[in-house]
Each structure stands twice: as C-alpha cells, then as structure tokens.
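Peer 1: Chains as they are written, first to last, in the numbering used here: chain A, 1 to 340; chain B, 1 to 340; chain C, 1 to 340.
Hints were generated in silico from the structure; no laboratory data involved.
Be careful, since some hints might not be right.
As the list claims (entries may be wrong) - Just a few of them, taken from the derived set where beta-carbon distance is under 7 Å, the chain B residues facing chain C:
#1 Tyr-79
#2 Val-158
#3 Trp-191
#4 Ile-335
Claimed, not checked - To be clear about the criterion: a stretch of chain C counts as covered by chain A if any three or more of its residues have a C-beta under 8 Å from a C-beta of chain A, and this derived list gives those stretches:
#5 42 to 55
#6 210 to 219
#7 326 to 335
Stated by the list, open to error - Calculated lysine-lysine pairs in the DSS-like style (CA-CA distance at most 30 Å, straight line):
#8 Lys-321/A to Lys-320/B
#9 Lys-193/C to Lys-281/A
#10 Lys-320/A to Lys-69/B
#11 Lys-320/B to Lys-314/C
#12 Lys-314/B to Lys-296/C
#13 Lys-314/A to Lys-321/C
#14 Lys-262/B to Lys-48/C
#15 Lys-321/C to Lys-281/A
#16 Lys-320/A to Lys-281/B
#17 Lys-48/C to Lys-6/C
#18 Lys-6/B to Lys-69/B
#19 Lys-321/B to Lys-281/C
#20 Lys-321/A to Lys-320/C
#21 Lys-69/C to Lys-193/B
#22 Lys-193/B to Lys-11/C
#23 Lys-320/B to Lys-281/C
#24 Lys-321/B to Lys-339/C
#25 Lys-296/B to Lys-320/C
All values reported here derive from a predicted model rather than from experimental measurement.
Glycine included, C-beta positions come from ideal geometry on N, C-alpha and C.
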Amino acid sequence: MAYRLKELVEKFGGEFHGDGDCQVATVATLQLAGQGDITFLSNSAYRKFLPNTNASIVIIRNSDLPSCKGNAWVVDDPYVTYARVAQLLYGSSNTAQGVHPSAVVDSSCSVANSAMVSAQCYIGANSTIAENVYIGPGCVIEDDCSVGSDSRLVANVVVRAGTVIGERAILHPGVVLGADGFGFANDAGAWLKIPQIGAVEIGDDVEIGANTTVDRGALGNTVIEEGVKLDNQIQIAHNVHIGAHTAIVACTAIAGSTVIGKHCAIGGCVGIAGHLNIVDKVQITAMSFVINSIEKSGTYSSGIPAEENRQWRKNTVRIKKLEDYAQRLRRLEGIVNNKK
Amino acid sequence: MAYRLKELVEKFGGEFHGDGDCQVATVATLQLAGQGDITFLSNSAYRKFLPNTNASIVIIRNSDLPSCKGNAWVVDDPYVTYARVAQLLYGSSNTAQGVHPSAVVDSSCSVANSAMVSAQCYIGANSTIAENVYIGPGCVIEDDCSVGSDSRLVANVVVRAGTVIGERAILHPGVVLGADGFGFANDAGAWLKIPQIGAVEIGDDVEIGANTTVDRGALGNTVIEEGVKLDNQIQIAHNVHIGAHTAIVACTAIAGSTVIGKHCAIGGCVGIAGHLNIVDKVQITAMSFVINSIEKSGTYSSGIPAEENRQWRKNTVRIKKLEDYAQRLRRLEGIVNNKK
Amino acid sequence: MAYRLKELVEKFGGEFHGDGDCQVATVATLQLAGQGDITFLSNSAYRKFLPNTNASIVIIRNSDLPSCKGNAWVVDDPYVTYARVAQLLYGSSNTAQGVHPSAVVDSSCSVANSAMVSAQCYIGANSTIAENVYIGPGCVIEDDCSVGSDSRLVANVVVRAGTVIGERAILHPGVVLGADGFGFANDAGAWLKIPQIGAVEIGDDVEIGANTTVDRGALGNTVIEEGVKLDNQIQIAHNVHIGAHTAIVACTAIAGSTVIGKHCAIGGCVGIAGHLNIVDKVQITAMSFVINSIEKSGTYSSGIPAEENRQWRKNTVRIKKLEDYAQRLRRLEGIVNNKK
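With the rest of the complex left out, here is chain A (with noise of 0.2 Å):
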C-alpha cells in the first residue's frame, strides 16, 4: 500500500518540503532508493550520499535540509520515523487464523478465534493462546502457559510448562524458554539434581532472539520485563530478572540469579556472573566479562583488541610477568629516591 507524503507526516509529526503528494510503498537505503521509495538519513557516515539519493522522500534534520534535493521530511529522530513508517509498510499482514489440522492441541487449551496454530505444532494441557497469536509451524508449548494477545512465536519455539508470556511478544526460531536451570547439589563427588521448579515470565513487547535460551527458576520465577529485547543465542540463567526496556547483544550469558535494571545496554558476547546486581542505565561493551556487582550507572569494559599476533603473543608473555616488572620497578624506585 502507498502513502502520501503529506499522510505521512500527519501521522506521524514533523514537516515536509517538496511535494506532499508523492508517494511511497518501499524504503531503501539512501544510495539505493528509486521512485517509490523512502529513505532516511540519521548516521552522519551516510551523509555523502543524500545530494545524489533518488529516493522519493528522504526523512531527515533540519540540519539537512540545504543538501536535500528532493522531496524532504524534517523530524527530530529520523531513524525513529524510519522506525515508524517501515512498521506502516512492512507490518505483519498475517491474518490467516485457525489450528492446521496438523497440529496437536490439547482439548483442554483454549485458543482464541483469531489466533494462528500452524502445522505442526504441539499445545499440551491447560494453556491459553490469546487473541491474534501466531504460532508458527513446528512450535512446542507445554501444559500450563499463556501467550499474550499479537504475540508472534515464529517457529521450532519451545515453551515450557508454566511459562507465562505477554502481549506483542516476538520469539523467533529456536528459541527455548523454561528448560531447567543448570542447578546440582555435589554429593561425594556425583551431581543430585536441584528440581528447577519455578517458572518463567516474559513482559509485555519482548523480543527474543533466535536459539536463546531462558531458563526456568529454581525457586521463584525468571523474569523478562516489559520492552526487553534480547539478540540471538543468548543465555539466560535461571532466577534472572532482567529489568524493562534493556536492549541486550547476541551470544551474551548471564548467571544465576543476577539482576539487571532498566534501560540497560548490554554488548555482544559478553558474560556475567552470578548473584550480582547492576542498576539501570548501564552500558557494557561487547566481550567484556562482568564478576562485580555495578552500582553506578555508566560504561563498563573488559574486552582486548585484537592486533598483529605476532606483537600479541609477545604481549601475552608479557601480561605474565607484570608482577616481576612491578616489583623491579618499585626496587628501581627505591635506589633512585635513596640517591636523591
């Protein structure tokens, strides 16, 4: 479906110079674009491009405008009206409704009229599948659960017993939430089993991504606030409780029973133990290792650039002798201050 550009901005604010009834049904990037396509600029490296675009609006600053050649949007937050008018064209047009005959359900779940079950999906007893759900093919969800209105469940998502999950929730392929925490007791030398007997809590507006896991509670329920969106191939350790609106990067882990506030951002790859609590508005940078609890918000880092191996591995050797420098050194000091 096209859009006008005076449309456009009706809805969704700022202003427009040029023509206000172009039309648009597709974006694209600002090298990219052609007629019927809009475009944005936010990041100052993709500057050079906007005098030349052909895209047929181009959303951007003020500051802008003057290397604008074509038809302009002015807002405060291009890439968040990019955000907004990509939703606008490109939403979910899923409206297929109904349980594939393929799929298992039990009698006893109750799944709303207008929700989707698709082939060959499992829904074991007592779970509620809310209204406009889509549960993709191959979805498992155990007795127990509930799935919040216009939550999507991609596919090959597995849902253990008793996992409750919110509204507009997005699980993409493979992800796993409620599978048992990792909890043993050692008793001479073997693991005895720690029953994981707590539950797992997805806010309203999460996304999760590909093959991450969230781990049940031992005691006392997982927690995933409202508006957390977590990349692929994360782990989520069992009694977590990650607070709204934190934004965390794929192949990240977090142990046991860990708290992280609100509105925090977390990197890539990075790990952090168990037991701690960090507080809102923090931001940890990819690779970094987190052993301490963080009291303040800010910017915390421990990951090693990469250079030449041949300068790294001397490097390496050495980290290992530090202690013998700080020694020498400290020695050094102490005849040169005798002499002074």
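Please arrange chains B and C on chain A, whose structure you already have, making use of the hints.
Peer 2: Just chains B and C now, kept in the frame of chain A:
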C-alpha cells in the same frame, strides 16, 4: 503428596528437632516459605533469614540449630538433603505411555511399552527406545540410535544416526547430538569435506542443556561419560572425551579431540583449544581461554574483569605498550645498577 | 563397496607401492586400522604409528615411504586425498524420494521428483525445492524460499521467508536462516522495531553447523558466498557479507554489516564488531575481539591464555595498575636521565 518430618529423616538420614509429625508437600526459599513448605540453609549469605522463616521444616547444619525456632532437620550437607527431598516432592510424574498418533516411528524400531513417544516426533530405522523413556514433542531420532531406560528428551531434540544414549539421561530442548564435526581439507583454496563417520556416546545420568551441540566423531566417537552435566549452548566438537561427573557451565566451547578428566568444573563462556589433555579435578573459571594441556589439578583462569570504560581504554592502550615498558625498565635498571 | 588400490590411484592420482589389487572399503586411524581399512598420515604427530599400522593401504607423502611396510599410496597432500577417498566410501547414500505423508507442503510449491521431504516438515507458499534435495525431519521452510539441487537440510532447520540457498549446501540441525536482525530505534527509552526486510543468500557448497543463526538483512541481504564453512553456534548478524571459501569455527559472532573477505580462517569464540571490513586471507585466532577493520592479510589475535588462578588474580590487579606503572616509569626515567 505430603511427607512427615520423621518419615523424611528415616528416608534420608540426619536427625530432627521439633514436631516429627509436621507435614510438608512443597519447597520454598527461607524468606518466602510458609505453612507446608520445607526449606534449607546452606549458603551463609542467607543465614539472616533463618530466625524469621515461616517454613514448616528447615534443613540445616548442626551449627545453625540455635538460630532455628521451628522444626529443624539437622544434616551434614543441607543442600544435598534438599536436593533429595525436592526430587521426592517434584519428581517427574510422567506416566504417559505409547506412541502419539502424529509421531512417525519406523516399523523396524523397538519402542518399550512403558516408553512415551510424543506428538510430532520422528524416529528412524532400527532405533531402540528403552523402558520408561520419554521422547517429548518434535524430537527427531535418526536411524540406529539407542536411548537407555528412564531417559528424557524434552522437546525438539535432534539425535543423529548411530548415537548411543545411556540411562536416566536428560536432553533439554534444542540439543543436537551427532551433527557432523567441522572437518575439511584445504584443496587449493576450497574446502573438501572430511566425512564424519564416528558417532556420539552419552553415558548414564548425563544432563545436557538447551541448544547444546555435541558433534559426532570424525573417526572414532565423541564420548560424554556418566554423570556429566552440560549447561545450555555448549559446543562439544568431534572426538572430544569428557570424563565422568564433570560439570560445564553455559556457552563454553571445546575444540576437537580434547580430553577432559573426571570431576572437573568448567565455568561459562570458556574456550578450550583442540587436541589438549586436561587431567581430573581441574577447575577453570568463566571466560578463560585454555590453549595448553593442564597436567595438574587446580584452578585456572584468564578472564579479565570489566571496569569503567574510561579506565579500561587506557589500560588496553598500555597493554599494547608493554613491550616498550619492559625494555625501558631494563634500560633503567642497567643505568641505575651501573651507578651503584 | 570396496575399491582396489590401483583403481583409487587411477581415480585420484599419485602412485602406489605394493599390491595394487589390495582392496579397502572402510577408513580408520593409523593406530586402529586393520585389514580392509585405508588410512593416511598427514600430521607429523602421528608418524610414530606408521611403522606398525595394520591398515591395508596408507596414504602418505613420498618422504614417509621408507617407514611404510605395507601398501603405500604416495600423494602430495595425503589429507586431501583421504577426504576424496572417504567421500567415495561414505558419500551420502540417501536415495529416498518424495514427500512424506506427514509433511505439510503448500500446493504452490515446486518440489522436484528426485527431492525428499521428510516427516513432520512444513514448506510454505511458492517455495522451490530442486533436484536431489534432502529436507530432513522437522524442517520449516517459509514462503518464497528456494533450495538448490543436492542440498541437505538435516533436521529441525528453520528457513525464513525469501531465503535463497545454493546447490550442495548442508545445513545441520537447528540452523536458523533469515530470522529478523537486531534492529531497533530508541524512542524515548522504549525500543521501536525496525522491520527487517532484506533476505539471506547462501551460496553453493556452503556448510552451516548445528544451531548457527544467520539473520536476514535490514535493508539489502545477508550474504554467505560459495564454499563458506560455518561451524556450530555461530551468529551472523544482519547484512554481514562473508566472502567465498572462508571458514569460521564454532561460537564466533559477527555483528551487523561487517564484510569479511574470501579465504579467511576465523577461530572459535571470536567476536567481530559491526560495520568493519576485513580483507581476504585474514586469519583470526580463537577468542579474539576485533573492533577495527583489518586491511592487511595476516594473523590477528587477542585471547589471553589461562594460567593458574592464583597467578592470574595477581596479573589482573596489575593490569588495572598499568597506568600507574607507566607514570612511575616515566618519572624514574626523568630522574635517572637528569643525573646522567
């Protein structure tokens, strides 16, 4: 089902103080426990909650008895006793049997009468499913596999051809056993696949976490011995051998042909290179990178704790200058020592 | 099927020493091989097993011929020749064809007669499955995908809408292609989803390991060129482009829009930041963290090898003091140099 304190003591040992007829049916934490709950005190960080707990029974060490106002069950290791009680109260109650009509099971398979094969499963030719096995929804078991009695494949587990799984194993959702190892010969720039013709052997009482992968051997088998516990999203490459009762935390990766001893404890996000030998009772802390064999039991580490980004950026620069510092230090020592 | 030594030499080149009529049907290691096995010596660490091997044929370099008592097949690169022979002996013998009755395939799909669609699969509208493709149990292929001839999707693979897969590709269990990239605009603290409207392109002869995820592009496609080999549990973010014949070991993560050249070799557990450019023939060792573009072919590293925890704890403290040491060193130099 509820149990009396004196019944539990008779079953699992220790001694009780208070009302031996007191009944419990559920577990809870010291803080949240109420009437009918049994709880435990093992980690001293929670000792402060002991005097005011409302639990019907608390499992404690003898030294904590003076602070316990209610019914106490005194044992040597409260966590181990708690594990046994929780298993008693929450043990799997799965009694379903039979093959779901939607499951596809090759006619050449042997499936015990007491086993359950759930909806949407596939089991290939000549595989054997022993007594009381539970194969959850969406599992795929290829040809020539065997699953030992009382094992559980929770959901969407994939077991490739020729895999042997022991008794009482638990495989969580998304586990993949027996995928091809990563083996290629470089033929003038292009990669030539080395057929991976070994298999995977999983011992008794092994538990494997969600989305963990264990590759089949190239030649010979990949072996996980009895009692090993693997957390989520672990990668075990071809021909790795993990000794009995070793536990490995989430997101750790072990490269090909490495042999790990018995009773090791390996933290999360660890990387272990290939073709190494790690002896029994080695502990490796989280985020470590192991590139040499470990020949002595003990604890090994290399993860660097995160600190404020501003400080960390300075340190990373200085690490790169370490060789320069070392040379300057040596030069200074030369000068100063000559003057002495 | 068994092959004679002289047949093999004729097929794959090199020359033989000993009985050209000797037959082999199976492969084994130098140590374990017996009558009817063919083996190889490539890695010098195994040279000690050559004199006593019981293999019927050993593939060796000319320089090892003096130590070989049995039938020898002399070639330039024994590992490459071994790969070819093992492929010959163990090549996929799958000859099953057709669509299993439990599979759900949209009537608008084109499935070649020689293709196999296994039990419990789902294939959406307008997808194309070419000749000799094997779609294993539990796979989900959404709308508008195409799978090139002779490709194998082993089991429980998810291929999202619009993905294009080349010929002879192998996708191991749990692979997810085309899940949404991690793209959000921050709108006053809440995250607004950026629709991910690009797709995924997988070239010919690509192999992708178990539980690896390749996200679809935000705008434009994520591209894996021909001959790329990805191990298990790798994360490829949106709009990444990986050049032909690059190999990446398990658990590595590549952030969005990074371009990696051809013939690179990237170790396991590596983290590569977004928007970088890495040229051809770069090697990155395991556990490295790449935050800058790499403009020169070579080997790059930053992983720190583990050592005894007691020693390591001292070093981490000293790393934090590096700036202090540097300043003290400079001060000392000032004093000493002034005195010279």
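Peer 1: Tell me, which hint numbers fail for this structure?
Peer 2: Hint check: 1, 5 and 10 fail, others pass.
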